[in-house]
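Novice: One-letter residues, chain by chain:
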Amino acid sequence: MIFQAFFEALQSFLGLEIWLILFIGAFVGIIFGIIPGLGSIVAMAVFLPLVFFMTPDQALPLFIAICATGYTGGSVTAILLNIPGTSPNAATLIDGYPMTQKGEGARALGAALMSSAMGGMLSVFLALGMVPLVLPLIFAITSADMVFIVLIGISFIAVLSKGSMIKGLLAGCIGILISFIGHHVTTGLIRFSFGTIYLIDGLPLIGLTLGLYAIPEMISLAARGGSIAKRENVVLTLRGTWEGAKDVFRHWGLWLRSSVIGYIIGIIPGVGAMTSIFVAYGQAKHISKHPEKFGTGIVEGVIAPESANNGKEGGALLTTLALGIPGSAEMVVLLGAFLMLGIRPGPSMMTQYLPLSFKLIQILFIGSLIGGVVCFFLAPRLARVAMIPARILVPLVIVLVFVGTFSHQEQLMDLVVLLVFGLIGLAMKKYGFNRPALLLGWVLGNLFEKYLFIAYGTGGPLFFVRPISLTLIAVLLGLFLFQPVKKLIQRRSAMKDGRA
Amino acid sequence: MKQNIISYVVCIVIALVFGITALTYDYFVAKIVPLITCGLVILLAVIGILTEVRKQNNSGEAEPKEEVSEDEAKETWPHYARTVIWVVCLFIAVYVFGFLIAIPVFLFAYMMVYKTRWYVALSITVGTSAILYTVFVVLLKVNVYKGLIFA
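Chains A and B are the protein sequences, given in the same order.
All residue numbers for the first sequence refer to the numbering used here, where the first residue is 1 and numbers rise by one.
All residue numbers for the second sequence refer to the numbering used here, where the first residue is 1 and numbers rise by one.
Since the hints were made in silico from the structure, they are not lab data.
Check before you lean on any hint, since a few could be wrong.
Distance condition first, Cα-Cα at most 27 Å in a straight line; then the derived DSSO-like pairs of lysine-lysine [said to hold, decoys possible]:
hint, chain 1, residue 1, chain 2, residue 2
1, B, Lys-55, A, Lys-430
2, A, Lys-429, A, Lys-293
3, A, Lys-430, A, Lys-293
4, B, Lys-115, A, Lys-293
5, A, Lys-293, B, Lys-141
6, A, Lys-486, A, Lys-102
7, A, Lys-289, A, Lys-487
8, A, Lys-289, A, Lys-496
9, B, Lys-2, B, Lys-74
10, A, Lys-450, A, Lys-289
11, A, Lys-429, B, Lys-2
12, B, Lys-2, A, Lys-430
13, A, Lys-246, A, Lys-496
14, B, Lys-74, A, Lys-102
15, A, Lys-289, A, Lys-246
16, A, Lys-429, A, Lys-246
17, A, Lys-429, B, Lys-141
18, A, Lys-293, A, Lys-486
19, A, Lys-429, A, Lys-496
20, A, Lys-293, A, Lys-487
21, A, Lys-496, A, Lys-486
22, B, Lys-74, A, Lys-487
23, A, Lys-102, A, Lys-496
24, B, Lys-115, B, Lys-55
25, A, Lys-246, A, Lys-102
26, B, Lys-115, B, Lys-74
27, A, Lys-430, B, Lys-141
28, A, Lys-429, B, Lys-74
It should be emphasised that the depicted structure is a prediction, and the values quoted were computed from it without experimental measurement.
Produce the complete structure using the sequences and hints provided.
Specialist: Have a look at this one:
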């Protein structure tokens, strides 16, 4: 039955209509991904009203294609301008932008596009192959386990700390503090709103992310003058992009690990893409033979987060289809589209609608491929962005960021958040405080508190005495002990060599 | 070094504001995690200050000057201030006149002040404004803010 459904789904790709929809979806996803502040969620939300005029065979492929390519487009601005096109591209810029400054923008883009496309495609294979294993795992994970999954994410604040560790940890802790602004999940109390109605729902993701990255980068670029990369430094040929693509194969182990991390985090509802990219980046740095080079512009720092952010989609789609629980923010909109079409995702998607489920998973594969190929051939042209003079690029990006931030909620206060965090981001950049650490703290702080009290309420003080929780605690300890133990072993072997 | 100490003091002030506010909440579960986080921030900032002071004592009065590149030398607050003023002006213009007027005026004015040829500045302004209008107003149906005067 499974094979029959699989091949039935495959047959639907014989028509011309499906390919037209796929290319439109991929194009929309890339464009919305490239524009800072928009991203695939906004693209899907914009197209949601069209669902009423479409059949499930038309609407759902369109949405999946948008979803598959949004992050791919977002990596372009992250690498070339140090501005994450979508929030889950925030880790890509840590090494991607320094590569652009060194004149390796095309190579960084090639690596990002190849790892993103291949991460998305691998997640499809995992989604197809691991259905029988994944479903019991999803049901087995409780709030107690979530506490430690989130803690693993938070622990990477220390890993992200470039330069001063204290400053990195401080930025992360302040991010956690800021995450407490708004409704408290357990009591319903409104915290740290300082009497402002606007802060009741917390700070907006778009305003905060663009404020921390886009505004400081543009102010800094305007102060320096010139352009992001010197003309003679920018490799504009396809060869540069191809070099980056080959880097993914050279670091295939890293790509595989990061994609699998993205996939696993993707299947767990409520953890999100931001966790997956930082966990992937953190493990890459942890395991690397030269962790000190991370943040200075090395290709491994681009491959890890880009593999994870698209790798997450396969897992998130599977959870959405099989359980009706959206595994990511994009999947919430997709769930809305399903309901508008009269289809309720859940176990029936694995029985009654199995061919449709297979079709959607296959579309994720093809969408990732199309997004990667389209961006790949455009990459050398896109790399020219880095040569636009500051006097033209700065006002253009500032205007785009203003409109992008406002369009999200149509609230003028979002622009105030943008300005305030723009200045905070500028001060952080100037004095060496780690901005990704603040963002990670902000994303995970509230989640940690929520799951901690739910777990405590249901399981008491010994809520962590469960097989999955204990395994996660072991992983957490392993992460902290890995580097010291590695250094100790290296020191001992060096001493032995010295004696010999 | 002095700037680093000031940045740590700012962190302590932020933690104190959050900590004192958290103490006013009646529910234990609503204040415990924020209070622990505030404590961590203060502890880390104090360690940071002590490290800086120790560094200062060890190096004596004369602080070794780090070599900075030509680009990094330009990254000073007075240099930043010019663009910050432009960004704040754009916000005020959006607030008063709305997006439809503020954006073209900002784009053209910025490029002209920084010596872009007038026809280049004009074509970029017209092109960008048209694209933004088409994407956000026509296609995305964003209800753009019209400003205090025209609202």
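Novice: Does each hint hold? Answer for all of them.
Specialist: Verification of the hints:
Between the alpha carbons of Lys-55(B) and Lys-430(A) the distance comes to roughly 20 Å, so the proposed pair stays at or under 27 Å and holds. Taking the CA atoms of Lys-429(A) and Lys-293(A), the gap is about 19 Å. The hint holds against a cut of 27 Å. The straight-line distance between the Cα atoms of Lys-430(A) and Lys-293(A) is roughly 20 Å, inside the 27 Å bound, and the hint therefore holds. Using a Cα cut-off of 27 Å, the hinted pair Lys-115(B) and Lys-293(A) is violated, with the two alpha carbons roughly 39 Å apart.
Taking the CA atoms of Lys-293(A) and Lys-141(B), the gap is about 45 Å. The hint is violated against a cut of 27 Å. Straight-line distance between C-alpha atoms of Lys-486(A) and Lys-102(A) comes to about 31 Å, which puts the hinted pair past the 27 Å bound. Our distance criterion of 27 Å between C-alpha atoms is met by Lys-289(A) and Lys-487(A), whose separation comes to about 11 Å. Straight-line distance between C-alpha atoms of Lys-289(A) and Lys-496(A) comes to about 20 Å, which keeps the hinted pair within the 27 Å bound.
The straight-line distance between the Cα atoms of Lys-2(B) and Lys-74(B) is roughly 20 Å, inside the 27 Å bound, and the hint therefore holds. Note on Lys-450(A) and Lys-289(A): the hinted pairing is violated, with a Cα-Cα distance of about 36 Å set against a maximum of 27 Å. Restraint check: the Cα-Cα separation between Lys-429(A) and Lys-2(B) comes to about 17 Å, which is no more than 27 Å; the hinted pair holds. Distance restraint check for Lys-2(B) and Lys-430(A): the Cα-Cα separation of roughly 14 Å lies within the 27 Å cut-off, and the hinted pair is therefore satisfied.
Between Lys-246(A) and Lys-496(A) the alpha-carbon distance is near 38 Å, which puts this suggested pair outside the 27 Å criterion. Pair hint Lys-74(B) plus Lys-102(A) holds up; C-alpha atoms about 19 Å apart against a cutoff of 27 Å. At most 27 Å may separate the alpha-carbon atoms for a hinted pair to count; Lys-289(A) and Lys-246(A) meet this at roughly 20 Å. Under the criterion of a C-alpha separation no larger than 27 Å, the hint pairing Lys-429(A) with Lys-246(A) is inconsistent with the structure, at around 32 Å.
Restraint check for Lys-429(A) and Lys-141(B): the C-alpha separation of about 36 Å exceeds 27 Å, so the hint is violated. Annotation: proposed proximity of Lys-293(A) to Lys-486(A) holds, straight-line Cα distance about 17 Å (limit 27 Å). Our distance criterion of 27 Å between C-alpha atoms is broken by Lys-429(A) and Lys-496(A), whose separation comes to about 43 Å. Between Lys-293(A) and Lys-487(A), the direct Cα distance comes to roughly 16 Å. Compliance with the 27 Å bound is thereby established for this hinted pair.
For the given pair, Lys-496(A) sits about 15 Å from Lys-486(A) by alpha-carbon distance, which is consistent with the 27 Å threshold. At most 27 Å may separate the alpha-carbon atoms for a hinted pair to count; Lys-74(B) and Lys-487(A) exceed this at roughly 39 Å. Among the hinted pairs, Lys-102(A) with Lys-496(A) is inconsistent with the structure: their alpha-carbon atoms are about 39 Å apart, more than 27 Å. For the hint pairing Lys-115(B) with Lys-55(B), the CA-to-CA distance comes to about 45 Å; that exceeds 27 Å, so the pair is violated.
For the given pair, Lys-246(A) sits about 19 Å from Lys-102(A) by alpha-carbon distance, which is consistent with the 27 Å threshold. The straight-line distance between the Cα atoms of Lys-115(B) and Lys-74(B) is roughly 19 Å, inside the 27 Å bound, and the hint therefore holds. Under the criterion of a C-alpha separation no larger than 27 Å, the hint pairing Lys-430(A) with Lys-141(B) is inconsistent with the structure, at around 38 Å. Of the supplied pair hints, the one linking Lys-429(A) and Lys-74(B) holds, its CA atoms being roughly 14 Å apart against a limit of 27 Å.
Hints 4, 5, 6, 10, 13, 16, 17, 19, 22, 23, 24 and 27 from the list above are not met by this structure, while the remaining hints are.
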